[in-house]
Amino acid sequence: MGRLLRYVVVRALLIIPTILILYTLIFIILRVIPGNPILSALGTHYVPPEILKEKMHRLGLDKPLYVQYFDYLWRVLHGDFGESMVIEGRSITHDLAYRIPATIELTVWGFTVSVLLGILTGTIAAVKRGSRIDYAMRVYGIVAYTLFIPWLGSLLILLFSVYLGWLPSGGRLDPSIDLDRITGIYTLDSLITGNIYAFVNALKHLVLPSITLGIVLSGAYTRLVRSNLSDILQADFIRAYRSRGLPENKVLLYALRNAMIPIVTYMGLQLAILLGGAVLTETTYSWPGLGSYLFEKIQYRDYSAIQGTIVVFAFIVGVVSLIVDIIYALVDPRIRY
Amino acid sequence: MASKRRGVGKGALVAAIVIILIIVVGAVYMMQGQKKAEKVVVIGVTDKITDLDPANAYDFFTWEVLSNVMAGLVKYDPDTGKIVGDLATNWEVQEGGKVWIFHLRKDAKFADGTPCKAQDVVRSVKRVMKIQGDPSWLVTDFVDDVQAVDDYTVKFILKTPASYFLALVATPPYYPVHPNYPDDKIASDATWGGCGPYMIKEWVRDEKLVLVPNPHYYGEKPKNDKVVITFYSSANALKNALESGQVDVAWRTLNPEDIKDLKSKPNFKVIEVPGLYIRYVVIKTDAPPTDNVLVRRALAAAVDRNEIAQTVFKGTVEPLYSMVPKGLWSHIDAFKKYGDGNIDLAKQLLQQAGYSEDNKLHIELWYTPTHYGDTEAQLAAILKEQWERTGMITVDVKSSEWSQYVDQLRSGQMMVSLLGWYPDYLDPDDYLTPFLASSANGWTGTGYSNPKVDQLLKQAQTLTDQNERAQIYKQVQEILADDVPYIPLIQGKLYVVTSENVESLKISPLMFLLYDTIQVKG
Numbered sequence: 001m002g003r004l005l006r007y008v009v010v011r012a013l014l015i016i017p018t019i020l021i022l023y024t025l026i027f028i029i030l031r032v033i034p035g036n037p038i039l040s041a042l043g044t045h046y047v048p049p050e051i052l053k054e055k056m057h058r059l060g061l062d063k064p065l066y067v068q069y070f071d072y073l074w075r076v077l078h079g080d081f082g083e084s085m086v087i088e089g090r091s092i093t094h095d096l097a098y099r100i101p102a103t104i105e106l107t108v109w110g111f112t113v114s115v116l117l118g119i120l121t122g123t124i125a126a127v128k129r130g131s132r133i134d135y136a137m138r139v140y141g142i143v144a145y146t147l148f149i150p151w152l153g154s155l156l157i158l159l160f161s162v163y164l165g166w167l168p169s170g171g172r173l174d175p176s177i178d179l180d181r182i183t184g185i186y187t188l189d190s191l192i193t194g195n196i197y198a199f200v201n202a203l204k205h206l207v208l209p210s211i212t213l214g215i216v217l218s219g220a221y222t223r224l225v226r227s228n229l230s231d232i233l234q235a236d237f238i239r240a241y242r243s244r245g246l247p248e249n250k251v252l253l254y255a256l257r258n259a260m261i262p263i264v265t266y267m268g269l270q271l272a273i274l275l276g277g278a279v280l281t282e283t284t285y286s287w288p289g290l291g292s293y294l295f296e297k298i299q300y301r302d303y304s305a306i307q308g309t310i311v312v313f314a315f316i317v318g319v320v321s322l323i324v325d326i327i328y329a330l331v332d333p334r335i336r337y
Numbered sequence: 001m002a003s004k005r006r007g008v009g010k011g012a013l014v015a016a017i018v019i020i021l022i023i024v025v026g027a028v029y030m031m032q033g034q035k036k037a038e039k040v041v042v043i044g045v046t047d048k049i050t051d052l053d054p055a056n057a058y059d060f061f062t063w064e065v066l067s068n069v070m071a072g073l074v075k076y077d078p079d080t081g082k083i084v085g086d087l088a089t090n091w092e093v094q095e096g097g098k099v100w101i102f103h104l105r106k107d108a109k110f111a112d113g114t115p116c117k118a119q120d121v122v123r124s125v126k127r128v129m130k131i132q133g134d135p136s137w138l139v140t141d142f143v144d145d146v147q148a149v150d151d152y153t154v155k156f157i158l159k160t161p162a163s164y165f166l167a168l169v170a171t172p173p174y175y176p177v178h179p180n181y182p183d184d185k186i187a188s189d190a191t192w193g194g195c196g197p198y199m200i201k202e203w204v205r206d207e208k209l210v211l212v213p214n215p216h217y218y219g220e221k222p223k224n225d226k227v228v229i230t231f232y233s234s235a236n237a238l239k240n241a242l243e244s245g246q247v248d249v250a251w252r253t254l255n256p257e258d259i260k261d262l263k264s265k266p267n268f269k270v271i272e273v274p275g276l277y278i279r280y281v282v283i284k285t286d287a288p289p290t291d292n293v294l295v296r297r298a299l300a301a302a303v304d305r306n307e308i309a310q311t312v313f314k315g316t317v318e319p320l321y322s323m324v325p326k327g328l329w330s331h332i333d334a335f336k337k338y339g340d341g342n343i344d345l346a347k348q349l350l351q352q353a354g355y356s357e358d359n360k361l362h363i364e365l366w367y368t369p370t371h372y373g374d375t376e377a378q379l380a381a382i383l384k385e386q387w388e389r390t391g392m393i394t395v396d397v398k399s400s401e402w403s404q405y406v407d408q409l410r411s412g413q414m415m416v417s418l419l420g421w422y423p424d425y426l427d428p429d430d431y432l433t434p435f436l437a438s439s440a441n442g443w444t445g446t447g448y449s450n451p452k453v454d455q456l457l458k459q460a461q462t463l464t465d466q467n468e469r470a471q472i473y474k475q476v477q478e479i480l481a482d483d484v485p486y487i488p489l490i491q492g493k494l495y496v497v498t499s500e501n502v503e504s505l506k507i508s509p510l511m512f513l514l515y516d517t518i519q520v521k522g
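Chains as they are written, first to last, in this note's numbering: chain V, 1 to 337; chain D, 1 to 522.
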């Protein structure tokens with residue numbers, strides 16, 4: 001147990017340099033690209049030079065770069081992501097805290113859709129191995145993996161929102177609906193407050209974004225499930241089950257359970273890709289999460305907001321990977337730590 | 001046998017529970033849905049709100065929102081376009097335009113019932129002067145002091161007489177704000193508002209703004225119960241939302257192609273509004289080759305505005321021949337003397353400047369790809385084509401992102417560049433002084449300076465007679481067309497697209513949507 005604890009501590013400590021490297025990279029990139037956040041927000045409006053100078057001073061943009069670097073780092077270490085460069089007095093910590101639940105809600109649903117779709121298509125392909133259906137599923141796997149989220153999203157919006165009018169084209173909830181915010185995860189909040197109308201509406205808004213994200217991420221699962229399940233279906237113990245006359249659906253269930261071990265590991269690894277996909281999905285569906293926040297702030301060159309979002313993304317990925325590693329270390333006896 | 005019966009019983013029970021659950025949930029859903037019978041107007045925009053504080057807000061859309069939740073001393077009448085009293089019932093001008101005294105109405109109140117008095121106006125204006133936010137110059141450049149003579153009388157003492165002071169007073173930095181706004185700090189997300197027709201019920205930055213009528217508003221009651229503004233990341237997303245019925249009014253800004261497409265669909269209404277928004281070319285006048293006025297004139301002659309309006313903007317804009325837009329008093333078509341796509345004249349001017357088909361003029365044309373929408377690259381491409389038609393010009397098209405672009409502009413790094421302008425206040429001065437006065441170089445980077453123009457603009461500022469001012473502005477526009485530090489290109493029309501159930505809607509002369517006039521059927 002002592003060794004496991006040491007492993008966990010070392011692994012947790014490794015998150016710090018990861019975040020630090022990312023923060024440093026993003027800090028440098030933002031400063032290397034020419035352009036100034038204050039001028040960017042002002043655009044062509046006339047503002048006397050002395051006011052601009054005073055604003056630069058107030059936001060610390062006139063300080064040497066290394067001072068700006070450590071100033072922000074010091075703040076982040078204290079859990080303060082600073083103040084927006086574009087919106088006076090706006091706390092980035094507040095913004096991030098507000099946006100995180102939307103991204104969690106989308107990623108959880110998108111992830112669920114991707115796993116279900118992946119298992120379904122992969123299983124069909126493995127069971128019907130060598131047939132036309134197998135071929136079709138394999139093509140699905142490759143095509144889904146290579147689809148571009150904004151393209152697929154626009155297509156689904158055109159079909160289901162614009163032409164058929166079945167589902168909303170974006171947002172999280174109809175603007176006319178009042179919902180008390182508790183967790184910020186609308187499907188949960190609506191259930192907690194007993195607001196069924198809002199729950200159904202939130203679900204409707206989730207359908208297209210989660211399907212878009214789900215389809216794109218499911219391609220990898222399709223291929224993984226197919227290859228693992230195909231191997232297992234030919235394993236000795238499966239042959240033994242069959243020879244004892246076990247019904248085929250039960251055999252398949254046992255096989256699938258065994259095929260899931262490497263897939264679960266892959267789920268943990270998918271997180272970074274999932275968050276990346278969420279950025280694109282959120283911008284396509286006007287979903288007010290961390291991804292669309294990052295996208296908007298990049299346009300305004302809002303240094304503190306961009307840095308803060310990247311640090312939070314890095315932290316989430318780091319922590320989830322750590323959890324996956326720990327679970328894996330506990331579960332799989334082959335892992336040495 | 002017995003176990004089978006038990007199995008059937010269990011199945012029936014589960015089915016019964018599921019059916020009951022569906023019925024209950026369905027009933028609750030229907031009941032909760034029926035409660036939403038209030039008249040809600042959903043407005044979709046791609047613009048953003050910067051600061052809900054008039055001391056720092058300095059963009060078109062935020063000013064629109066502020067003008068709906070706050071009230072000024074004066075406002076523009078949407079029907080006549082003239083400035084009329086709002087919080088002020090009447091006013092007097094003394095000392096040749098140096099002192100302005102406003103008499104306030106006594107029934108104005110903030111949304112929480114607090115009376116709105118002269119002291120609130122004074123505190124709010126002084127607050128703008130103290131905070132020194134982005135639009136503060138609209139106050140500090142003109143106002144020396146502001147005083148409350150009594151509870152309902154406000155006195156402004158100006159630095160120098162400003163003939164268009166009423167137009168300035170109609171802008172948000174002069175709006176009285178609720179006493180909760182701190183005196184020395186910007187409150188970017190403040191929802192206390194002012195004493196306008198609406199109050200802010202909910203504000204989620206970049207997601208939605210919910211407005212409900214101010215119960216203490218002195219004017220006519222709004223024609224709706226609630227206005228929800230939803231923010232979209234792209235024109236495409238906004239159009240989808242309109243077509244799928246999520247928004248009732250699609251406002252700023254849809255793409256020209258989208259407007260054309262929506263015009264052809266019977267279930268949408270496309271309302272066209274003459275806009276005071278202008279697009280123009282900025283030319284650096286203090287470095288070769290564009291320091292030669294003949295070169296600048298040649299560029300102006302070769303531009304074909306009609307082609308730009310039709311090809312790039314699909315007829316959603318109008319050609320513009322002055323920096324002062326058509327429809328605003330004193331406008332003259334100063335640039336018409338060069339003609340449109342006048343290649344012969346352009347060639348002649350270029351020859352005089354020493355250029356030929358063997359010795360071509362090299363122009364660097366800059367544009368920014370996203371800030372002005374998807375049409376910008378096309379606009380740059382067509383200008384290149386038009387100038388190159390002379391056979392004596394080669395154009396190198398370059399682009400940079402908005403934040404870098406404005407930096408380059410201010411520091412005068414671009415030879416020829418594309419820009420746009422929305423008015424701060426409705427007066428020809430706002431289309432001339434910020435561009436042509438020598439002080440304008442702080443942001444335009446043209447290097448243009450003409451003492452005669454400086455003197456004329458200063459003179460027009462102090463005159464109170466509109467006819468006299470108009471004469472001076474016409475003279476300035478003629479000098480502009482001679483010196484060509486800018487080439488006016490087009491004047492935007494504004495488009496509001498609504499679903500067919502939107503019955504009435506008005507836009508103020510400042511091009512702000514008046515939310516209280518929007519009525520949705522059913």
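To be clear, the hints were calculated from the coordinates, so they are not data collected in a lab.
It should be emphasised that the depicted structure is a prediction, and the values quoted were computed from it without experimental measurement.
Don't take each hint at face value.
Claimed, not checked - Dumping the calculated BS3-like pairs for lysine-lysine here, alpha-carbon to alpha-carbon at most 30 Å:
no., chain 1, residue 1, chain 2, residue 2
1, D, Lys-265, V, Lys-204
2, V, Lys-53, D, Lys-159
3, D, Lys-398, V, Lys-53
4, D, Lys-336, D, Lys-39
5, D, Lys-336, D, Lys-314
6, D, Lys-106, D, Lys-265
7, D, Lys-336, V, Lys-53
8, D, Lys-326, D, Lys-337
Consistency of the hints with the structure:
For the proposed pair D:Lys-265 and V:Lys-204, the alpha carbon gap of about 26 Å is at most 30 Å, so the pair holds. With a CA separation close to 24 Å, the supplied pair V:Lys-53 and D:Lys-159 stays within the 30 Å bound. Of the pairs offered as hints, the one joining D:Lys-398 and V:Lys-53 holds, with about 29 Å between alpha carbons and a cut-off of 30 Å not exceeded. A C-alpha spacing of about 49 Å is found between D:Lys-336 and D:Lys-39, which places the hinted pair above 30 Å, so the restraint is violated.
This hinted pair checks out: D:Lys-336 and D:Lys-314 have alpha carbons roughly 22 Å apart, not beyond 30 Å. Proximity of D:Lys-106 to D:Lys-265 is assessed by CA-CA distance (about 48 Å); at most 30 Å being required, the pair is judged violated. Proximity of D:Lys-336 to V:Lys-53 is assessed by CA-CA distance (about 41 Å); at most 30 Å being required, the pair is judged violated. Only pairs whose Cα atoms come within 30 Å are accepted, and D:Lys-326 paired with D:Lys-337 is accepted, the gap being roughly 16 Å.
Checked against the numbered hints listed earlier, the structure breaks hints 4, 6, 7; every other hint is satisfied.
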